[in-house]
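Chain by chain, the residues run as shown.
There are 2 protein chains.
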Amino acid sequence: MTSSDTVTFDSNRSVANPPKLRPGTLRIVALGGLGEVGRNMTVYELDGKLLIVDCGVLFPEEEQPGVDLILPDMGHIKDRLDDVIGVVLTHGHEDHIGAVPYLLRLKQDIPLIGSQLTLALIEAKLQEHRIRPLTLTVKEGQTEQLGPFSCEFTAVNHSIPDALAVMIRTVAGNVLHTGDFKMDQLPLDGRITDLRAFARFGEEGVDLFLPDSTNADVPGFTATEREIGPVLEQKFAAAKQRIIVASFSSHVHRVQQVIDAAAKHRRKVALVGRSMVRNMSIAEKLGYLHVPEGILVDLKDVEKLADDRVVLMCTGSQGEPMAALSRMANGDHRIKLNQGDTVILASSLIPGNENSVFRIINSLMYLGVDVIHKGTARVHVSGHASAGELLYCYNIIKPKNVMPVHGETRHQLAAAKLAHQTGVPVKNLMMCDDGTVVDLKGGVAKIVGQIDIGYVYVDGSKVGLVTDEDLKDRRVLAEEGFISVVCAVNRQTGKIVTGPDILARGVAETDRAFEEVKPKIAQALEEAVRDNKGHTTHQLQQVIRRVVGSWAGRKLRRRPMIVPVVVEV
Amino acid sequence: MTSSDTVTFDSNRSVANPPKLRPGTLRIVALGGLGEVGRNMTVYELDGKLLIVDCGVLFPEEEQPGVDLILPDMGHIKDRLDDVIGVVLTHGHEDHIGAVPYLLRLKQDIPLIGSQLTLALIEAKLQEHRIRPLTLTVKEGQTEQLGPFSCEFTAVNHSIPDALAVMIRTVAGNVLHTGDFKMDQLPLDGRITDLRAFARFGEEGVDLFLPDSTNADVPGFTATEREIGPVLEQKFAAAKQRIIVASFSSHVHRVQQVIDAAAKHRRKVALVGRSMVRNMSIAEKLGYLHVPEGILVDLKDVEKLADDRVVLMCTGSQGEPMAALSRMANGDHRIKLNQGDTVILASSLIPGNENSVFRIINSLMYLGVDVIHKGTARVHVSGHASAGELLYCYNIIKPKNVMPVHGETRHQLAAAKLAHQTGVPVKNLMMCDDGTVVDLKGGVAKIVGQIDIGYVYVDGSKVGLVTDEDLKDRRVLAEEGFISVVCAVNRQTGKIVTGPDILARGVAETDRAFEEVKPKIAQALEEAVRDNKGHTTHQLQQVIRRVVGSWAGRKLRRRPMIVPVVVEV
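Chains F and P, in that order, are what the protein sequence lines are. Residue 1 is where the first sequence starts when you use the UniProt record's numbering, and the numbers rise one by one after that. Residue 1 is where the second sequence starts when you use the UniProt record's numbering, and the numbers rise one by one after that.
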């Protein structure tokens, strides 16, 4: 391959502040979702108006201890909220809607645009935040003029019903934003990704295409959800006692198949887990989930039923420690599992969760439970289009420019290479990070700048208070613990009144080890006070920090956090 | 399946202290390696003498922050070290030899028995600990009488050369302990797992069989190492610039294939990483690695070579942050990778390391590096026998009793089910945890007790000082940080002299938030001193802990560690 044939992130590296946006040019900036799977949020700007597509959260990794959620960095738009026309939500998954409450806290009357189910899910979530949003419900085939953006909504198939792609027509050009999708040709609800619409958009001209890249490095085609039903039925037929199925709480079609298999085998179903109960109640009310009369029972009534008449449909398939499945595995749940029960993990295994999930599988197996998971049976299919499906898309749409979104670097590159193989020139592949600024006009897309994008951490009730510095402290505390040294000093006499006292936590040392350093601290402190009575408390604390830090490094071969406290009396 | 057909850990649950061991009965206790992959160590006891097989380490998970290694719990033998005849080391991997230095620190003259390469590797490691061990080098086919244990050593094939199984003959019965193995029928060095010996042992009678269970839940057969060579060659032929191969530092055959491919494509090889350099130098000296004259170069000379003449063979394939590969990905290494370079991860992906490894892959790809890994090409095969191979073993050996070792619960159960399918009755399957006591006599194996086995943590230079309580502290510190409150109190006047001062680290709060709680602390303290002058310092600190803890829970919705310090003046 010559260099012009190689897809890289190169173009992106030398760019700095974007130029002022000219009238009639469309600007696209992702505030999250690039280089990561999560916190999807893309801002379209034209003639002073902003249209946002999706507003999701990212789940933290072990490098971010104590963090609950990570939000898109909204700094880019926070002073321009009055210019926001609305937020299009492509579907109801957390990585696409989870940050909406935090956006609406900044300005409550930003309209939300989405399908019936998507809006119902976000409304339920906003209710917990005591926010009643302005909404506009749209359907596939519908077009809405949102400021300078004409949005046509199109059906796409995904692992949640009622997902939409959006074709955004503007004076600057046409953009097709898929949201998450796959191309199951035999979906349970018959609602396929609308390739006829994609073809029509292609004929008309798609100047910029933003496809879901998540599975771009998976060869072939994602299997149909329909293949799972027979496997579930077979496992249900073989099960002699209770069946517990764990999956995602928004996967309506998966739950539907569990309910259908239960009905066939004359079992009752109890939904377990707050989000499972809430989402399925919404899905049923709106007609997305079909529940035969009398099949659902309350968890508390399960114990009255014979074991071979029970299915528990629960959350916790990713090993979340507080979820029902984990508690059942540890014997901390009212449902006590034992030999002969069957647990089916009808879910993916999200990278990073392997240890937690296998810990649960081992614990269940130790109890004698028969555990079935995607490693042993086809009880899960992905929600994202694989490489083969993306090739269909590129060939039908023939986009002028492609900006792969919704993926890590490796996914974005794979998606770009597929585009290139179908004929998109390398220079028309927008390889972007969060904050990379792409301008589009007259069929030409160009990276014109880069804005700073940080992680915005949610920790408990606090948003954005946890800094990367705090997380560094937490990692040090986790690895090394801390040593606190307390000393009361009389400045007049230059003498130590009390201490030094040492308190250590998380440091693997005996109290005796610390006795050794106390005289060194005392000596250094008294010298410091004697030599220069002008020392500030802070300077005296620095003396302690130096003595203890170098002693711990030398003698203990450790680098704990040193917390010196000098009290002047 | 009837209950007697179901393999479970049941038998194990009700047992308590083992009975006194009678003369002529063989007792088997694993001090590590069951329910986990790592810290393999099995103790055989007969007529007052102990034979140990393997003595390895376990690598910690994210639940064990700051821990470097986890050792087998040697409490069971620590008062009986004079009875230890020796330690048989089946092969030179860390999970089988890594804890030897810690055992020899307890008693330096315990003999080590193993193959030439295995002993060379442990001797190099012991040199760093300044220990010169007593050793007995053995070969396949050789029998040694070790106290009451007659040990015949047998060649097995694994992902390190010179691995041995051991047939232990005693008055109580015969035990075949495989160590780690697979049954590559075309290994690079021609040294296959000796099924003729296994057949002979079977004819003679194997009363208890302890097989490597690691891949028992993987269907079929592990592919031959030989398949990797052509793939490497093809990638080497296509590479236009530098090639970096990452793998395990003990995988002599993998390195051999890299060297062979490099020689064929007229590239020089630099070994990178301390353990890689050390192990390969040992392997070459002993004749396990064949290095063509002049092919190896020093890392510092690599820069003088043209990019298409270079291969770097390095460690870090599991994403270890300090290893060469990770530093290259982050641009922190003297070798600066860029567009057109090729990185091959010729390694497995150990569960739990996914995030770190994919982070490196993403960073490399972002630099424009072509990354090849086992997900995209056959550049790795496992070192362990899959289900198909284990079936061959069971059928050739026809063991009376089976105790699956070297695996998590799910692996042990899979190995046991395979044994059962070949005809081993369920009651003859020893489903054991670490510390489960199995007695063998006259062809009958029985679980007779359970001894307590804990985790022994190595943290820096300290062994066993870190407790589970410390780790709990560390996890709290990581998730929540700490709030330290310092107050100087004059007991005579009952007044606070200085403070309360608050210092928080890792807590996501503004300083202003803490101002709110200070008067509450002061008030509670003064009340406590006023009400009862007999309060100890500890009690006053408890007062602070209560006030701050409940305030943080209520107002901040957090549970940080509270560190109260009261100085009495």
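Please note that the accuracy of each hint is not assured.
Pairs involving identical chains hold if they fit within one copy or between any two copies, as the list cannot separate such chains.
[Claimed, not checked] Below, in silico cross-link-like pairs of lysine-lysine (DSBU-like), each with a Cα-Cα straight-line distance of 30 angstroms or less:
1. LYS49 - LYS264
2. LYS472 - LYS427
3. LYS400 - LYS520
4. LYS441 - LYS555
5. LYS417 - LYS235
6. LYS374 - LYS240
7. LYS235 - LYS107
8. LYS20 - LYS49
9. LYS107 - LYS304
10. LYS374 - LYS49
11. LYS304 - LYS520
12. LYS268 - LYS107
13. LYS495 - LYS472
14. LYS125 - LYS417
15. LYS495 - LYS235
16. LYS472 - LYS462
17. LYS495 - LYS555
18. LYS417 - LYS336
19. LYS441 - LYS417
20. LYS441 - LYS398
21. LYS398 - LYS268
22. LYS495 - LYS518
23. LYS240 - LYS107
Since the hints were made in silico from the structure, they are not lab data.
Hint check:
Taking CA atoms no more than 30 angstroms apart as the test, LYS49 paired with LYS264 passes in neither setting, with 53 angstroms inside one copy and 61 angstroms between copies. Proximity of LYS472 to LYS427 under the C-alpha cut-off of 30 angstroms is found in neither arrangement, the shortest distances being 39 angstroms within a copy and 52 angstroms between copies. Taking the shortest Cα distances, LYS400 and LYS520 never come within 30 angstroms of each other, neither inside one copy (71 angstroms) nor across copies (65 angstroms). For a Cα distance limit of 30 angstroms, the shortest separation of LYS441 from LYS555 qualifies neither inside one copy, at 65 angstroms, nor across copies, at 51 angstroms.
Taking CA atoms no more than 30 angstroms apart as the test, LYS417 paired with LYS235 passes between copies only; the shortest distance there is 19 angstroms, against 40 angstroms inside one copy. Taking the closest pair of Cα atoms, LYS374 and LYS240 come within 30 angstroms of each other only inside a single copy of the chain (21 angstroms); across copies the shortest separation is 39 angstroms, beyond that limit. When the C-alpha separation of LYS235 and LYS107 is checked against a cutoff of 30 angstroms, the pair qualifies neither within a copy, at 50 angstroms, nor between copies, at 54 angstroms. Proximity of LYS20 to LYS49 under the C-alpha cut-off of 30 angstroms is restricted to the intra-copy arrangement: shortest distance 14 angstroms within a copy versus 83 angstroms between copies.
Taking the closest pair of Cα atoms, LYS107 and LYS304 never come within 30 angstroms of each other, the shortest separation being 49 angstroms inside a single copy and 60 angstroms across copies. For the homomeric pair LYS374 and LYS49, neither the shortest alpha-carbon distance inside one copy (46 angstroms) nor that between copies (47 angstroms) is at most 30 angstroms. Within a single copy, LYS304 and LYS520 get their C-alpha atoms no closer than 69 angstroms, and across copies no closer than 51 angstroms, so neither meets the 30 angstroms cut-off. In this assembly of identical chains, LYS268 and LYS107 lie within 30 angstroms of each other by CA distance neither inside one copy nor across copies; the values are 45 angstroms within and 62 angstroms between.
In the homo-oligomer, the alpha carbons of LYS495 and LYS472 never lie at most 30 angstroms apart, since the shortest distance is 36 angstroms inside one protomer and 38 angstroms across protomers. Taking the shortest Cα distances, LYS125 and LYS417 never come within 30 angstroms of each other, neither inside one copy (38 angstroms) nor across copies (46 angstroms). Proximity of LYS495 to LYS235 under the C-alpha cut-off of 30 angstroms is found in neither arrangement, the shortest distances being 77 angstroms within a copy and 71 angstroms between copies. Taking identical chains as interchangeable, the C-alpha atoms of LYS472 and LYS462 lie at most 30 angstroms apart whether they share a chain (18 angstroms) or sit on different chains (24 angstroms).
Proximity of LYS495 and LYS555 under a CA criterion of 30 angstroms is satisfied intra-copy only: 27 angstroms inside one chain copy versus 40 angstroms between copies. For a Cα distance limit of 30 angstroms, the shortest separation of LYS417 from LYS336 across copies, 25 angstroms, qualifies, whereas the shortest one inside one copy, 50 angstroms, does not. For a Cα distance limit of 30 angstroms, the shortest separation of LYS441 from LYS417 inside one copy, 24 angstroms, qualifies, whereas the shortest one across copies, 65 angstroms, does not. Within a single copy, LYS441 and LYS398 get their C-alpha atoms as close as 18 angstroms, which meets the 30 angstroms cut-off; across copies the closest is 75 angstroms, which misses it.
In this assembly of identical chains, LYS398 and LYS268 lie within 30 angstroms of each other by CA distance neither inside one copy nor across copies; the values are 49 angstroms within and 45 angstroms between. Proximity of LYS495 to LYS518 under the C-alpha cut-off of 30 angstroms is found in both arrangements, the shortest distances being 15 angstroms within a copy and 28 angstroms between copies. Taking CA atoms no more than 30 angstroms apart as the test, LYS240 paired with LYS107 passes in neither setting, with 54 angstroms inside one copy and 54 angstroms between copies.
Checked against the numbered hints above, the structure breaks hints 1, 2, 3, 4, 7, 9, 10, 11, 12, 13, 14, 15, 21, 23 and satisfies the rest.
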